[in-house]
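With chain Y fixed as given, assemble chain W onto it according to the hints.
Listed below, chain by chain, are the residues.
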Amino acid sequence: MSFITGVGLTPFGKHEGSSSLDLMSKAAQAALDDAGLERAEIDGILCGYSTVSPHIMLATVFAEHFGIRPSYAHAVQVGGATGLAMTMLAHHLVEAGVARNVLVVAGENRLTGQSRDASIQALAQVGHPDYEVPLGPTIPAYYGLVANRYMHEYGVTEEDLAEFAVLMRTHACTHPGAQFQDRIEVADVMASKPVAMPLKLLDCCPVSDGGAAFVVSRERTGEAGVRIRGCAQAHTHQHVTAAPALSELGAEISVGRAKEATGLAISDVRYAAIYDSFTITLAMLLEDLGLAGRGEAAARVRAGHFSRDGAMPLNTHGGLLSYGHCGVGGAMAHLVETHLQMTGRATNRQVRDASIALLHGDGGVLSSHVSMFLERVR
Amino acid sequence: MSERIADWTQGVQVITFQTCTSCSHVQYFHRAFCAACGAPDPREQRASGKGRVYATSLVCRAATPETRPHVPFNILLVDCAEGFRMMAHGENDLAIGDEVSASFKPFAGRLVPFFAKDG
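Top line first, the protein sequences correspond to chains Y and W. Each step along the first sequence adds one to the number in the numbering used here, with nothing skipped, and position 345 is 345. Each step along the second sequence adds one to the number in the numbering used here, with nothing skipped, and position 119 is 1119.
Incorrect hints may appear among the rest.
A partial selection of chain Y residues facing chain W, derived with a Cβ cut-off under 8 Å [stated by the list, open to error]:
1. Glu16
2. Ile120
3. Pro134
4. Leu145
5. Arg149
Bear in mind the hints are in silico, worked out from the structure with no lab data behind them. We put the beta carbon where it would ideally sit given N, CA and C, even for glycine.
Extracted from the complex, chain Y is given alone in its bound form:
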């Protein structure tokens, strides 16, 4: 058994003058404080990557900087799925008795540490170096292709996609740490600058500075326990050119495996934390995971289904789209928020019941998937 015993999250946006290590340290300290653990009690470290400060041994660099001598440490790289992939690994390390308390940490000064061009260019390298990158695509273009096809096959419109941007912004407006706090409407999304059609600026997550961390432990340290009930992955391709049909993507496969591992069903889920790099990502993942029927996710947004007081509250911190996206830490914010919800500490954002949560992360172009069920135990 494994528990998430502490979480830490910085505000996202601009952290002028903070390095990736600074942001990682800030989040890590907050997670340790939350868990009530000292540095000496941390015997495992898993960390994400930083595009601003790439290093072949980032976990060791961080361990030295932060002042921990762990018995297990390395970095993990699965793009946007890294946070949940690290959590899954920490869960198995703890269950196998390799470590007692694993610190999972990521942080990056992606907004102020490099030019926006450099960020866009670094990320576009997930494309095939010979057969895709020379064509000048961007990450929004890879997802734009997927969006174009998904809209064609399932009758989804640009206005439908805009609903997800509006929902995430509405949620972000209730979180003081979110990068964007101005309300937007569907018309604002529709009128925003074209990036890679059908995706417009407000369909895309921003580039942010920020950090996130949590501790995965063999034993719970506090009153309310959040247990990792089970998780699974699926990897179907790397490049969008080699992606399978829309009906055969990895989210459906990984959540199927996670359901099998836990014996849980989608009908058991009370809170959802789903990767939302673009509006299309969120729409597709909700439908692939079974949280909405095919082509029906937007209608559920309009009906309030995914709102704070709806039947399936979703990314109540504002997600990547509006809380922000600092790389690996971006999707880890989803787990931090889930933990706050499950432990009744989400203040003005608190939902009625977050007893069982489904988390899902996606890396590449819907290439790598991690699904995870968390359960509150008393």
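Same frame as chain Y, now just chain W:
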């Protein structure tokens, strides 16, 4: 193993693909083996350049200074007649399902496959 046919990724105005001599799997990304069954030396051929549009995305925000003068440009996924899918450029008004044929156009200092609507 037969010599590799030079293609557009090497500056030649040719699109190539490979067919496995053992399981008949067709692949676009060049390899020394079949990615489906692992058999060595898949047969390499020139593609006809005919295909059907699978998806499009009109890029309006470029990633690099070299590609910026070209915006907007249309990125396509094309299902080619020989049974493989490729990424390419194409006319800005192409839609899913359009029958298309390839030529080559300069882009950011090199030649890239560019698809136009048939007829």
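Verification of the supplied hints:
| no. | hint | verdict |
| --- | --- | --- |
| 1 | Glu16 | violated (25 Å) |
| 2 | Ile120 | holds (5 Å) |
| 3 | Pro134 | holds (6 Å) |
| 4 | Leu145 | holds (4 Å) |
| 5 | Arg149 | holds (4 Å) |
Checked against the numbered hints above, the structure breaks only hint 1 and satisfies the rest.
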